[in-house]
Amino acid sequence: MGPDTNILEMRGITKAFPGVVANDGIDLDVRYGEVHTLLGENGAGKSTLVKILFGLYQADEGDILLRGEPIAVGSPSEAIASRIGMIHQHFMLVPTLTVAENVALGMDSSRRPFTDLDLVSRRVSEISEEHGLAVNPSVEVRQLAVGERQRVEIVKALYRDAELLVLDEPTAVLTPGEVDDLFVILRRMADDGRGLIFISHKLREVMSLSDRITVLRNGAVVGTTTPAETSRGQLAQMMVGRAVRLTPEKPVLQEGPARLSVENLTIHGDRDAVAVNNISFQVRSGEILGIAGVSGNGQRELAEAVAGLRDVEPGGSISMDGVDVTGDDTRARRDRGLGFIPEERMRDGAIAEFTVSENLVLVDHDSEEFTIRGMLAFGAIRKHSEQLVDDFAVKTPGIDTPTSSLSGGNIQKVILARELSASPTVLLACQPTRGVDIGAAEYIHTRLIEQRSIGTATILISEDLDEILGLADRVAVMYEGDIVAIVQGQDASREQIGLLMAGVVEQTTSS
Amino acid sequence: MGDFFTLSVLVATAASAIRLATPYLLASLGETIGQRSGVLNLGVDGVMLLSAFFSYWAVLETGNLWLAVLVGLVVGLAMGILYGVITVGLSATQGISGIGIFIFGLGLSDLLFRQQVGTPKPVRRLPNVDVPILSDIPHLGEALFQRNLLTYLAFLLVPATALLLSRTTFGLNIRSVGENPQAADSLGVSVERTRFVAILIGNSMAGLAGAALVLQLGIFQPNLTQGLGFIAVALVYFGAWRPAGVMGGALLYGLVNATVLQWKALGIIPVSGSDLANMAPAILTILALIALARRVHAPSALTKPFTRH
Numbered sequence: 001m002g003p004d005t006n007i008l009e010m011r012g013i014t015k016a017f018p019g020v021v022a023n024d025g026i027d028l029d030v031r032y033g034e035v036h037t038l039l040g041e042n043g044a045g046k047s048t049l050v051k052i053l054f055g056l057y058q059a060d061e062g063d064i065l066l067r068g069e070p071i072a073v074g075s076p077s078e079a080i081a082s083r084i085g086m087i088h089q090h091f092m093l094v095p096t097l098t099v100a101e102n103v104a105l106g107m108d109s110s111r112r113p114f115t116d117l118d119l120v121s122r123r124v125s126e127i128s129e130e131h132g133l134a135v136n137p138s139v140e141v142r143q144l145a146v147g148e149r150q151r152v153e154i155v156k157a158l159y160r161d162a163e164l165l166v167l168d169e170p171t172a173v174l175t176p177g178e179v180d181d182l183f184v185i186l187r188r189m190a191d192d193g194r195g196l197i198f199i200s201h202k203l204r205e206v207m208s209l210s211d212r213i214t215v216l217r218n219g220a221v222v223g224t225t226t227p228a229e230t231s232r233g234q235l236a237q238m239m240v241g242r243a244v245r246l247t248p249e250k251p252v253l254q255e256g257p258a259r260l261s262v263e264n265l266t267i268h269g270d271r272d273a274v275a276v277n278n279i280s281f282q283v284r285s286g287e288i289l290g291i292a293g294v295s296g297n298g299q300r301e302l303a304e305a306v307a308g309l310r311d312v313e314p315g316g317s318i319s320m321d322g323v324d325v326t327g328d329d330t331r332a333r334r335d336r337g338l339g340f341i342p343e344e345r346m347r348d349g350a351i352a353e354f355t356v357s358e359n360l361v362l363v364d365h366d367s368e369e370f371t372i373r374g375m376l377a378f379g380a381i382r383k384h385s386e387q388l389v390d391d392f393a394v395k396t397p398g399i400d401t402p403t404s405s406l407s408g409g410n411i412q413k414v415i416l417a418r419e420l421s422a423s424p425t426v427l428l429a430c431q432p433t434r435g436v437d438i439g440a441a442e443y444i445h446t447r448l449i450e451q452r453s454i455g456t457a458t459i460l461i462s463e464d465l466d467e468i469l470g471l472a473d474r475v476a477v478m479y480e481g482d483i484v485a486i487v488q489g490q491d492a493s494r495e496q497i498g499l500l501m502a503g504v505v506e507q508t509t510s511s
Numbered sequence: 001m002g003d004f005f006t007l008s009v010l011v012a013t014a015a016s017a018i019r020l021a022t023p024y025l026l027a028s029l030g031e032t033i034g035q036r037s038g039v040l041n042l043g044v045d046g047v048m049l050l051s052a053f054f055s056y057w058a059v060l061e062t063g064n065l066w067l068a069v070l071v072g073l074v075v076g077l078a079m080g081i082l083y084g085v086i087t088v089g090l091s092a093t094q095g096i097s098g099i100g101i102f103i104f105g106l107g108l109s110d111l112l113f114r115q116q117v118g119t120p121k122p123v124r125r126l127p128n129v130d131v132p133i134l135s136d137i138p139h140l141g142e143a144l145f146q147r148n149l150l151t152y153l154a155f156l157l158v159p160a161t162a163l164l165l166s167r168t169t170f171g172l173n174i175r176s177v178g179e180n181p182q183a184a185d186s187l188g189v190s191v192e193r194t195r196f197v198a199i200l201i202g203n204s205m206a207g208l209a210g211a212a213l214v215l216q217l218g219i220f221q222p223n224l225t226q227g228l229g230f231i232a233v234a235l236v237y238f239g240a241w242r243p244a245g246v247m248g249g250a251l252l253y254g255l256v257n258a259t260v261l262q263w264k265a266l267g268i269i270p271v272s273g274s275d276l277a278n279m280a281p282a283i284l285t286i287l288a289l290i291a292l293a294r295r296v297h298a299p300s301a302l303t304k305p306f307t308r309h
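As you go down the protein sequences, you meet chains S and W in turn. FYI, the working numbering numbers position 480 of the first sequence as 480, with every residue one higher than the one before it. FYI, the working numbering numbers position 139 of the second sequence as 139, with every residue one higher than the one before it.
Keep in mind the hints are simulated off the structure, nothing from the lab. Glycine included, every Cβ here is placed at the ideal spot set by N, Cα and C. Treat the hints with care, as some may be off.
[Unchecked claim] Partial list, computed: chain S residues near chain W (C-beta under 10 Å):
1) Ser109
2) Ala134
3) Lys156
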C-alpha cells in the first residue's frame with residue numbers, strides 16, 4: 001500500500017430520501033496518507049455520503065471498496081470494526097461520563113461484565129502523548145472546553161485504531177488558533193499513512209489543509225481538484241454553480257452620530273454566572289460594529305440585553321439616540337427603531353409552523369397598516385408580503401407556504417425582510433449567515449451594506465472571521481464576557497483577531 | 001406522645017419502617033435503572049398491582065410463597081415486554097403510555113380479583129428470617145436482621161444496582177443511552193436493546209415490589225397499592241437517580257408510614273384525624289420534590305424516544 005493506493009473507493013453511490021435525491025451516483029476515492037476534502041453547500045450531499053460510509057444510512061445503489069475489498073457497512077459498529085472512524089459535526093460524547101468512559105463505550109472489556117477503565121485510561125494517555133492530543137482520561141467531559149472535547153473525539157477514533165477517518169465540519173466550533181492546532185494533528189495523522197476525509201465549507205481551511213478536494217453540488221460530484229490547481233473563487237463557483245463575490249464591496253464610511261450607546265453593562269447568564277462583565281461601546285449611524293469571539297463568551301447575552309430580552313445589572317445602561325431604554329421592553333425598543341436578527345433563527349426569529357406571510361408581519365401585525373378595527377387586514381398583509389418576498393428574493397412557492405419548509409437561507413431572508421422593512425436605525429444582526437448557503441450569504445451581506453449606506457447603526461455578531469473582516473468598520477473582540485479590544489476594521493488581521501478571540505491580549509491599537 | 005418514645009416502640013417502628021420501605025425500594029431501584037437509560041415508566045403502580053394480584057392468587061391456590069414471588073417477578077417481566085414494545089419498539093410517548101399501563105394494571109387486577117377471588121381472604125405472609133449472629137445484636141438486630149428475605153434482597157440490590165450502573169459495561173451503556181443516545185449509537189451500542197433490557201429489569205423489580213407488598217400484608221384488595229408505585233417514581237427524582245439516594249427516600253417513606261401507623265395505634269393521632277395523617281406521604285413527596293427541584297441533573301434523554309437521523 002504505497003502512497004498512491006486507495007484506502008477507499010466509493011462508486012456510484014445513490015441515496016434518495018422522499019422528495020430529494022441526496023446522493024446521485026457519487027464517486028469518491030481516498031488514498032493512504034491523504035487529506036481528501038469534501039466541499040459543498042448545505043444539502044449538497046456531503047453528510048449523507050459519509051453517513052452511508054459509516055453505516056448510519058444504507059445506499060440505494062453503489063459500491064464501497066475498502067482497501068480494495070468490497071464491503072457492506074450495515075451499522076456504525078461494522079464501520080468501526082472495519083477501522084473507519086468518524087468525528088461527527090455534533091460531538092458524540094456523553095457529557096456526564098469521564099473521558100475514559102466515553103472512550104470505552106461500546107468497546108469490549110477485558111474484565112467483562114465489569115469495565116476496565118484503568119486499562120483504557122492508560123491507553124488513552126499513551127495515545128494522547130503519541131499524537132500530541134492533551135486529554136485527561138479521568139475528567140468528566142462536561143468540564144471540558146470545546147477544543148478539548150474534539151481531542152477526545154479524535155482519541156476515541158484512534159483508540160479504535162481507525163485507519164480511515166471522517167471529520168464532518170470539525171472546525172465549525174473552534175477558534176482560529178484551535179483550528180491551526182487541529183490541522184497540525186490531522187496532517188500528522190495523514191503522514192502516518194491514514195486516509196482522512198475532511199468535510200467543510202470554509203474555503204480558506206480547505207485550501208490550507210487538503211491534498212485533494214472533491215466538490216459536490218445538488219448531490220453530484222462537480223469535480224475533483226487540488227489546492228495548487230484552484231483558488232477560493234473557483235471553488236466557490238464550483239459549489240454554487242455561478243460566480244460569487246466572496247468579499248463584499250463596501251463604500252467609504254459615512255459616520256454619523258452615535259445611535260446606540262452601551263455603558264457599564266453587566267449581564268448574568270442562564271446559570272447565574274456573570275456572562276458579560278462591565279462593557280461599554282457605541283455604534284454610530286452608518287457604521288457596522290463587528291463583535292467577534294468564540295461562541296459562549298457573552299455575545300448571546302449581550303445581544304439579548306440589547307434586544308430587551310435579558311435583564312442587565314443595576315448601573316448599566318443602554319441608550320438609543322441618547323434616550324435611555326434600559327428599562328424598556330422589546331416592543332418599546334423596536335418602536336424606537338431597533339431591528340433584531342436573532343442567532344437561533346428557528347427558535348427566536350420565526351415561527352416555523354406559521355406561513356411566510358405571517359412571519360413577515362409578526363412584529364407589525366397590530367399596526368394600523370395591517371388592521372381594520374382590530375381585525376387583521378388580510379389584503380394589506382398579502383400585498384406587503386408579496387412585495388417583500390419579491391424585494392428580498394425569497395425562494396418560496398408562495399406567501400402561504402409554511403416557513404418550516406423553506407431552506408435556512410430563505411428563512412433568514414424572510415427574517416431579514418421583516419426587520420429591514422421596518423427601517424431600523426439600530427440593527428442587531430446575530431450570526432446572520434450561519435448555516436446559510438454562499439449565494440444567500442452574499443445577498444445578506446449586500447443588504448447589510450446597503451443598510452449601512454442609508455445610516456443604520458449595525459451590530460454584527462459573528463463567529464465567522466471572514467464575515468467580520470469583510471463587513472465591519474470596527475471589530476470588538478469578546479472573550480469571557482469582556483471586550484478585550486476594539487480594532488479598526490481596515491487594520492485588523494485574521495491572526496490578531498484570532499489571538500484576541502483566544503484571550504491573548506497584546507499591545508494593540510484600540511480605539 | 002411519651003408512649004412513642006420508649007425503646008420497644010421505637011424498635012418496633014424502625015422494624016416496620018424497614019418492612020414498609022421494601023416495596024418502595026424494589027420499585028424505585030428498578031425505575032432508577034429504567035430512567036438512567038432514558039425511559040420513564042409511570043405505569044409502575046399498575047405493574048405492581050397486577051403482580052401483587054397474581055402473587056396473591058398463586059399463594060391462595062398453592063400456598064407456596066416462593067412460587068408466588070416468582071409469579072410476581074414473571075408478571076413484571078411480561079409487563080416489561082409490553083412496555084418495551086410500546087415505548088422502544090413503537091417509540092410511543094412515555095408519559096402517556098405509562099399512564100395507560102397503570103390504568104391497565106389497575107383495571108385488570110381489579111377485574112381478576114372480583115372474578116377469581118371475590119372477597120378478600122388472608123394468606124400466608126413472608127416469614128421473617130433471622131440473620132445468624134447479627135440478629136442477636138440487642139435492639140438493632142431486632143430492627144434490621146429479623147426481616148423477610150425480600151427485604152434483605154431489596155437492600156442488597158442497592159449496592160448491586162450501584163455497581164451495575166457505575167462499574168459494568170452494561171451500566172455504561174445504560175448511562176450513555178440515557179444521556180446521549182446518538183453518541184452511544186455512533187459507537188455501535190444498540191440504544192433500543194439497552195433500553196429494552198433496562199425496562200425488563202425495571203419492570204421485573206416492580207413485579208417483585210408488588211409481590212413484596214402483598215406477601216408482607218397477607219391480603220389483596222382492589223387498588224392495594226394506593227399510589228405507592230407513583231411515589232416510587234417520585235423517589236427516583238428524590239434520590240437524584242442514585243441507588244443510595246433512592247434507598248434514603250424509601251426509608252424516609254417507610255418511616256413516615258410506620259410512624260403514622262404507630263401513632264394511630266397509640267392514639268396519638270385521633271381517629272378523626274387519621275385521613276389527614278394518611279396524606280402525610282403525599283405531602284412529604286411534594287415538599288421533598290420542591291426542596292430538591294433544581295439541584296439534581298436528570299438523564300438528558302429521559303422520556304425522549306430515540307430516532308436515527
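Going down the list of hints, with the structure as the test:
no. : hint   : verdict
1   : Ser109 : holds (5 Å)
2   : Ala134 : violated (22 Å)
3   : Lys156 : holds (8 Å)
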